[in-house]
Amino acid sequence: MAECHPVGFQWVMEAKERGATIIHVDPRFTRTSALADIFVPIRPGSDIAFLGGIVNHILENERYFRDYVVEYTNAATIIKADFRDTEDLDGVFSGFDAKKAAYDVRSWLYDGMEAPPGVPHGEQTGGAGRPIEHGEPPQDRSLQHPRCVFQLLKKHYRRYTPELVEETCGIPRQLFLRVAEALCANSGRERTSAFCYAVGWTQHTVGVQYIRTAAIVQQLLGNIGRPGGGILALRGHASIQGSTDIPTLYNLLPGYLPMPHSERYLGHQDYVRKNSAPTGFWGHMEEYFISLMKAWWGEHATADNDWAFGHLPRIDGDHSAYVFTMGMLEGGVRGYFLPGENPAVGSANGKLNRMAMARLDWLVVRDLVEIESAAFWYRSSEIETGELRTDDIPTEVFFLPAASHTEKDGSFTNTQRLLQWHHTAVQPRGDCRSDLWFYFHLGRIIRMKLRDRAPDDPKNRPVLELTWDYPVEGRRAEPSADAVLREISGWGPDGKQLSSFTELKADGSTACGCWIYSGCYRDGVNQTARRTPHREQSYVGAEWGWAWPDNRRILYNRASADPRGEPWSERKRYVWWDRARRQWTGIDTPDFKRTMPPDHEPGKQAAAEEALRGTEPFIMQADGKAWLYVPEGLRDGPFPTHYEPQESVFRNPLYRQQSNPVRQQFRHPLNAYNNAPDAFDDDGLFPYLLTTYRLTEHHTAGGMSRSVEYLAELQPELFCEVSPQLAAERALEHGGWATIITTRTAIEARVLVTERIPSVRVQGREVHTVGVPYHWGVCGLSTGDAGNDLLPLALDPNVHIQECKAATCDIRPGRRPRGAALLELVAGYRQRAAARPPGRAGRSSGRRSER
Amino acid sequence: MGLGGMLARWPLVRQLTRGDLLGRGDSVRSPATERLRPRTATADRVVGSICPYCAVGCGQRVFVKDERIVQIEGDPDSPISRGRLCPKGAATKNLVTAPRREYRVKYRRPFGTEWEELSLDAAMDMIAERVITTRDATWQSTEGDGDEERPRNRTLGIASLGGATLDNEENYLIKKLMTALGVVQVENQARI
Amino acid sequence: MTAISGDPTIISHDIDVASHHPDGSPRAMGFFTDTSICIGCKACEVACKEWNLVPDDGLSFTGDSYDNTGSIGCNSWRHVAFIEQGRPVAVSDPEAGDGLRWLMSSDVCKHCAHAACLDVCPTGALFRTEFDTVVVQQDICNGCGYCVSACPFGVLDKRREDGRVWKCTLCYDRLRGDLEPACAQACPTKSIQFGPVDELLALARERVDTLHQRGVGDARLYGADRDNGVGGFGAFFLLLDQPEVYGLPPDPVVSTRRLGQMWGAAAAAAGALALGVAAAFLGERR
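Chains as they are written, first to last, in the working numbering: chain A, 1 to 851; chain B, 1 to 192; chain C, 1 to 286.
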């Protein structure tokens, strides 16, 4: 956190000054570790074993917050009798289809529930999840029933002992116990603990389950919905949260509504019914959806035409970034927009990405500087090796200079869901334009052309009927970001800005571009531009910017009070039930229906939030509970289970199943893996662990830092970090050069020999890690090989994020070969890899992409 | 200026004549020093902004003089950052005013070996044409036949991978336009 | 809205950073760099360059941990040192792991009370400001370089491109507008604290006591002693090891200590120089 979010880290330092214990778990001793109380070195790719060990510690030593667990989680809920755990089936859950490498999740459901209607499409699921059947699942509040979640959880993690943690993660058991105890001792009524994570957890073939394991720990300790608690994603870009909320993502519409699937819906209501729970706040999905359709298609979205539901394109599979990149290689994808993204450096397997772009018909790159993704056709390692020749590349490239954040109005959503407005300071120079300008005018020109050429073509109706009449300003005809924000926030029949998503209607009288952002322009005021100084308000800072939803700063904060609505403790007072005024109150906006008393019991006909009890804080969940066990919505299991990474040098110590059985792999010559599927590599070809990361001094793919003098000089060259033991083993010289090799490619880096990247002892042998920051590429002031070029495409099956925090590699001293000799070096490794006996371990192969 | 005046401006002489032997009074200040003020004090305006790098969302103040940015620094009012910035945030002026920024459209024709100049208007028109052509050529209206027929309304011929430093309003227009065009392969850094 | 209990305080306490008393008179201002909370982010280096328009210092990889700045110089007025050590931070904690610590410290001009650079400057370019800081006036500096060799810390450095000497001004221009220096304002953890020197000194002593109580026995102040060889620093430090470990001289001595004797010689020289200058001007006027 000190490395990549230094200014956020001031609050960690504040906490430390007041006595908080700071624990840093990382394969490397970083600038964060330097300031932490406890540094826990961990083998890359083993965090579920570590966190699972904490779960087991909490359960075995009865350290859980019992009242919180019984009341607010699904611990007491009873699961179907035919559910089988990975402990029963040696590493897979019930319902596993080895041929499809996928699960039939029906046996995972709550007891007495049937599979929800419609076909479950993992790709499609929005935040709404899938409905769980209305009604009360059976519970055992004594937590004794053998099929209740609590008992299943205990059984699932029983083998995650301190010894197993040591054996799997390389963390000495005394150190592990110290961490587990520190967490337990600092949780409960009086105290809370928080987890902060970043892509070190998400970029794995089990990334979602990493976060899930932390969620289990935090639920058991009662650390969700309370001040000082939570699981905080430290996101890496100014508005990456915003780009998820208002998703430039294939499977979502704004506000986590799912993109419709190509299955046959009987109209929009069928789509809503199949994609939302009728209980909890998703019970209002139809209101959110129709308001979105009204925002997009205005008068052309009516009850008679099913609110223009037919205008929406349909998805029918995984259309995520790496899948469509494969589509470019195969020729189906012909045109590509890159607004502010640099996959030639920032994506895993850079070579595959660059080779894919060299197959396109056209490419549009919008950035501040000429980045590697714009220059690949004349400057790239493939040009150097001869794999690509400039005059053979058909791709037409448009580079359009972008306006910077100081040259346009707009809002960023930060990592804590806070929208903050930035104002135009100066006008952009030359051809520089905002992306707002680019997309608005692109749409305007396309509409003009289509209206002239084929106004009656049915496929053009959604474009021509789109509401696309934003006011423009100035000689550049810059569209008004303010007007766009108003549309996002939404308005009622009288044209007045909405105050909250609770005002949305399903009758077409309200329009709202993103329901969770509704109210960000309440009272006709741009709430995101509010800047009341922090000294003039409470520490919650509610008058600075605007947080979704409804300016709530801590989600599920009803859980900060006990079931009766009293704060769990005075120390941790946050939101509570005011008996006199009969409403929820506190120092934050209550994340609960304000007037619903703690003793509310839903009637038989109750729907949406009214169908939850007054004691159920998790209002977006169909049962109002936090889920220790996920009965529906995940593709790889209701409980997190330790699996080895796609590329590992160890056998899975727990199960015969080596890796996540439903992870996504891609079979392509450009995407070879270092070891056979579900095998581990301990025969010395790729004997070292490889992990990638960022440095404080640089930003992601480098477009915003390697081109900036003051940053480039601070970390001027790509380096790798190795332990003194590894340096000795491979004769690597400090300050010299090393070549790092995988079956994808080889890169060169300067060598930093340092104790800060500890070798860890796992399964009786010492294993070394090579650390590589990934910021470099061939453009800019500071140039170098791209660390991500080393990595394969192997994805988490839920969210399709690549595993780039844990892979394997070889390393040797000296610079890499140039030109074709580089290909020969890698080919040599591939041949030797292919000549090896079939991989060990292994039981089933992961899900392979259709492509 | 006469000799006396020039001598009188020499700091040592001023120190000696004014009895300022430790050299810390007005006597040692050059005219430029006398005039010294923070350049933020002479800015024409101060504009509220937010750091464009990571997701912490530190407040920034942008100082503008004669329509040029003369300084960007932390906003002390922000409850998130309290005026502080990391090296990247502190380098923001360098980022937005860097000489390495591109200010003109660059065009590379198919099989071309050089960048070429192209006007912004021409580029916009050409990109619009490419979208229309590719969309027409790769349009999928339905899948299946008869009772099995299902709508698709889309093209898989076009893809978009956006950054995550775009504004919400920009992402909104991207998603809205692409969805209306039937482009479903719209992704961003959050997936990476 | 009133702050509720538990409202966060600031690590650095609430020091008034205004460089002037309410009556408008200037105060002696300085830095207290508390390296025990430095995260080595180098925001200070960058913020300094942004504000003072300091050129970049070239792209050279040193291999010296994460330090690619190397030292303070004409183009790096702040320099963050990185020292990797195989020992724990707090000795009182028997469970402090296998003992690795990574010291980070942002070095800067010390703004010595007895500043040799100032003493030797023949042009009066170097002067002591109303805030008790030491500043080079660029419109006077002739690049003679006497100050470069006089500085016991190697802070002063001549820029080849313009032949003048450049160093930290403690953001003299900002101080004149009652603004914090750029590095101190940017510092994410307030490792760099700016304020009236006397207040900072009290704070620093308190901080050392606190750290000692927490078992960080290595904590010590550097440059806080008003009786040291340079009469104390206007920019002093809390270090976690010997100064040498950070590349700092353990016992700096002002090179112009025998100033009394030297002053006579200097005065004589100045007199001769004045005559020479007068002659030169007279010659010019002819």
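Among these hints, one or two may not hold up.
[Unchecked claim] From chain C, some residues computed to sit far from chain A (all C-beta separations above 12 Å): (1) 47; (2) 58; (3) 189; (4) 245.
[To be verified] Have a look at the derived ranges for each label pair, beta carbon to beta carbon: (5) A:147 - C:217: 14 to 20 Å; (6) A:533 - B:126: 44 to 50 Å; (7) A:814 - B:137: 31 to 37 Å; (8) B:137 - A:267: 39 to 45 Å; (9) A:480 - B:137: 48 to 54 Å; (10) B:144 - A:667: 24 to 30 Å; (11) C:242 - A:17: 53 to 59 Å; (12) B:37 - A:17: 34 to 40 Å; (13) A:305 - B:125: 28 to 34 Å.
Keep in mind that the hints were calculated from the coordinates and are not lab data. All residues carry an ideal CB built from backbone N, CA and C; glycine is no exception.
For each hint, the structure was consulted:
no. : hint                      : in the structure
1   : 47                        : violated (9 Å)
2   : 58                        : violated (6 Å)
3   : 189                       : violated (5 Å)
4   : 245                       : holds (15 Å)
5   : A:147 - C:217: 14 to 20 Å : violated (56 Å)
6   : A:533 - B:126: 44 to 50 Å : holds (48 Å)
7   : A:814 - B:137: 31 to 37 Å : violated (49 Å)
8   : B:137 - A:267: 39 to 45 Å : violated (31 Å)
9   : A:480 - B:137: 48 to 54 Å : violated (35 Å)
10  : B:144 - A:667: 24 to 30 Å : holds (27 Å)
11  : C:242 - A:17: 53 to 59 Å  : violated (25 Å)
12  : B:37 - A:17: 34 to 40 Å   : holds (36 Å)
13  : A:305 - B:125: 28 to 34 Å : holds (32 Å)
Hint violations for this structure: numbers 1, 2, 3, 5, 7, 8, 9 and 11, all remaining hints satisfied.
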